[in-house]
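Novice: With the hints as your guide, set chain W with the ligands onto chain G.
Here the protein sequences come in this chain order: G and W. Position 77 of the first sequence, counting from 1, maps to 77 under the UniProt record's numbering, and the rest follow consecutively. Position 274 of the second sequence, counting from 1, maps to 274 under the UniProt record's numbering, and the rest follow consecutively.
Read the hints as simulated data drawn from the structure, not as lab findings. Cβ atoms here follow ideal geometry from the backbone N, Cα and C, with glycine treated the same way. Certain hints may be false.
Facing chain G, a subset of chain W residues (Cβ under 10 Å, in silico) [stated by the list, open to error]:
no., residue
1, 110
2, 247
3, 262
4, 270
5, 291
6, 308
7, 312
8, 349
Listing some non-contacts, in silico: residues in chain W with all C-beta distances to chain G over 12 Å [what the hints assert, rightly or not]:
no., residue
9, 52
10, 56
11, 66
12, 79
13, 122
14, 144
15, 222
16, 243
17, 281
18, 296
19, 331
20, 353
21, 359
22, 369
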Amino acid sequence: MARPLDPLGFEDEMCPVCKSRKYLNPDIVFVFNPECYHSMCLNCANRLFNDGPNQCPHAGCNKTLRRKGFRSAFFGDLSVEREVDIRRRVAAVFNQKEDDFETLQDYNNYLQMVEDLAFELVNGSDEKRRQAEAQLAAWEAEHRQDIERNKKAGREADEMSRKRLAAERDAARQRRIEAIKEAEEEKRERVRSREMELDNLAKGITTAAEPATKVQLKRRGQRGGITEPAAPNPAAAAVAGMGASEVERLSIRGLKEKPKAPAPQGPYDPFGGMDFAPSRYKLHVGLAHPLMEKYRLDRQHVAGGYSFDDFAARALYEAFAGLGVFVEDEKEVGNGNGLSQAGEMVAAADDPDRMDLD
Amino acid sequence: MANSPLVARPTDALQPSKSLPTSSGGTPSGGLPRSARGQRIAAEARPAMDLMEQMNEDEKNKYIKGKKLGEGTYANVYLGHSRVDASVKVAIKKIKVQKEYQDGIAPDAIREMKYLQKLRGHANIIILHSVFSSKDQNLNLVLEYLPLGDLEMLIRDVDHVRYGAADIKAWMGMLTRAVWWCHDNYVLHRDIKPNNLLIAADGEVKLADFGLARSFADPGVRMTANVITRWYRPPELLFGARHYSGAVDVWSVGLVFAELIIRNPYLPGNSEVEQIALICREIGTPTEENWPGVTQLKEYTVPSDVVPVAGKEKYMGRFGAVGSDGVDLLAKTLILDPRRRITAREMLEHRWWKADPKPTPKHDLPKKTAGAEEKAAADLKRRNGMVEDDDVRGSKVARKLDFGAAR
Ligand SMILES: Nc1ncnc2c1ncn2[C@@H]1O[C@H](COP(=O)(O)OP(=O)(O)OP(=O)(O)O)[C@@H](O)[C@H]1O
Ligand SMILES: [Mg+2]
Ligand SMILES: [Zn+2]
Ligand SMILES: [Zn+2]
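Here chain G stands alone, though its shape is the one from the complex:
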């Protein structure tokens, strides 16, 4: 067989039959027939083969071609197109899996054999190609059942992974949706509890209803003594001990949230030069608040790993940061509760008698 047509440069691709060039006729479409991989323009293919089988017009090529067999190339280089076709054909027949072999060595030998055969089909002389074709046919006949089984298994595996992929995508989408619901639920909850609060205010009732709010704390303060005065303890003392200057510094800390880039020299600093925490207010573990007490022993909070220390820290932090910065968050879902409470918690700390800290 004649070697497949050498690839021509893209710009001056020319139909060898009618000599039209891509350069002059940009709409020209090239097709080829896998019988011999000789290309020609679509017009020529139609003209020569529409009336029935005919001989390939390439000089020295004696293949008989049918119009039906022509297609356009996927690859620019027809020799690549041909090789891919051959390898696809080989792979469909030699579709054994590693599991089908006793040892890894056997599998590797098989792969080597398949590769040799494919190489001959692609690059071998006419004689070698004929031999290889015969081998291929023989293998196919001999292993028909295995081949079918593996083909089916392959399809099933494809199908499985396709399904799994789809399921994963679905799961990811589901997570997004639930995160959205979570936020909406919280918003509703906040509105609801606010309404309840207002209702109660209107009725002149003070309940221990959650969440504990400003109003509630103030009332307790006014009624002074209805709640047991908190015994002084280190945590309370720490909060109470924060002077005005301390408060000042803390609020500034909230503002300087955009830290400067750390100096690159020196020993490795795991915090990357951004650890402000030690200079902050000291946070004592076990800081208390009615809202926390209610849930502190709740199994779902305990086992879920909910951190009351984090809540206390956040409540304090937001109280200070709120002075200057996160006004937006105040209005936001789920962020405001802690903030207003902490403000009260700290304000209350000025007067030990009014404290709800134990």
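Specialist: Same frame as chain G, but now just chain W with the ligands:
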């Protein structure tokens, strides 16, 4: 070998819109000659609207949109550059329109915006430059462009990317600082995994994708348990906990750590049940003894054969490459009881960081190779829970020869 037939064509650049979106009244909202503008101000409610829209237009016109970089669950991400200086590159994350939220902006986008803004200014958190809406009300987040792929690409490209303990320490340092920063600002990320850790041109790792983030919840406020991609999801979430803490992210960090070492997902469960089984088998069965209260969690179920909690020795065998201190840190991130699990801050205080070898300077870290682009496509499949044959077989097996080489 022939060139890949798959040619990625840049999408049409975002042109300065000739037909500007019209406001409800039908008045063109921007680009009007000065004289016309005076008139509009006369109309009562208009100026505010127009100003906003004008600002949006200005913001949008600062950038030119280029080729698609990637696709996520709720967004397509495009390369973009500044109109005035084409060398200034950005990533434009265009939020997909969601059927459920046709009116109003996609809530995930708000989330991402809100938290990126809040966490701004840390070297290991992706920078949000600006936000604008394009025609059909699509929200676009303009993000820092991170050209060197993500950690998953590096982990997976075993043929081309070699790395060692010093590199792992550097990457882990950056990841842990990012998570610590989130938690220090009372934000839970809730989707930490290698492909959400993007890499900047200078090698810095940046935590991205805040589409599931939220603030720490107040006591009593229920959070959803269905967060974090399964392989990185901690046992408390698998058991349906609704009141949790930053410990959930720490678990994910631990699994990224493990994956960096063994270069394969450590606990790749194919379902939630299997995920729990894997955790029990590899780390130990959660019981009332090692995790008080766990049996009260709504979805608590474990395989009947109770496996004792793994000791450090067990981890040494598999993860010894990071040394005994590294393994100690890893083991503490994988403590079953979230209350006893190490926190992000405590992680940074761990002695491993000061131990030898020193973390690799970010500029010297291994980078993805040119072939990584094609691999990325393959990764896209396997990151979703499929492990390809090649990954498992590794290099033991002779690969089918590349036909390009045989020509
Ligand atoms: N800043 C960036 N620079 C370069 N590429 C990016 C950037 N942001 C995102 N990408 C690419 O786009 C892809 C999708 O982005 P992202 O993960 O943010 O979207 P998502 O919808 O939140 O995805 P998912 O939740 O499925 O992970 C990423 O995997 C990455 O390849
Ligand atoms: Mg992502
Ligand atoms: Zn022709
Ligand atoms: Zn021919």
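Novice: Confirm or reject each hint.
Specialist: To see whether the hints hold, each was checked on the structure:
1. 110: Check passed: Cβ of residue 110 of chain W comes within 9 Å of chain G, closer than 10 Å.
2. 247: Since chain G brings a Cβ to about 5 Å from residue 247 of chain W, closer than 10 Å, the hint holds.
3. 262: violated (22 Å)
4. 270: holds (7 Å)
5. 291: For residue 291 of chain W, the interface hint holds, since the closest Cβ of chain G sits about 7 Å away, which is under 10 Å.
6. 308: Given a least distance of 20 Å, the restraint on residue 308 of chain W is violated.
7. 312: violated (21 Å)
8. 349: holds (7 Å)
9. 52: holds (17 Å)
10. 56: Per Cβ check, residue 56 of chain W is outside 12 Å of chain G; nearest 19 Å; holds.
11. 66: Answer for residue 66 of chain W: holds, closest chain G Cβ roughly 25 Å.
12. 79: Correct as stated: the minimum Cβ-Cβ distance to chain G is 23 Å, above 12 Å.
13. 122: violated (7 Å)
14. 144: Its Cβ never comes within 12 Å of chain G, the nearest being 15 Å, so this holds.
15. 222: violated (7 Å)
16. 243: violated (4 Å)
17. 281: holds (21 Å)
18. 296: violated (4 Å)
19. 331: holds (17 Å)
20. 353: Check fails; 4 Å does not lie beyond 12 Å.
21. 359: Its Cβ does come within 12 Å of chain G, the nearest being 6 Å, so this is violated.
22. 369: Holds, because the least Cβ-Cβ distance between residue 369 of chain W and chain G comes to about 24 Å, which exceeds 12 Å.
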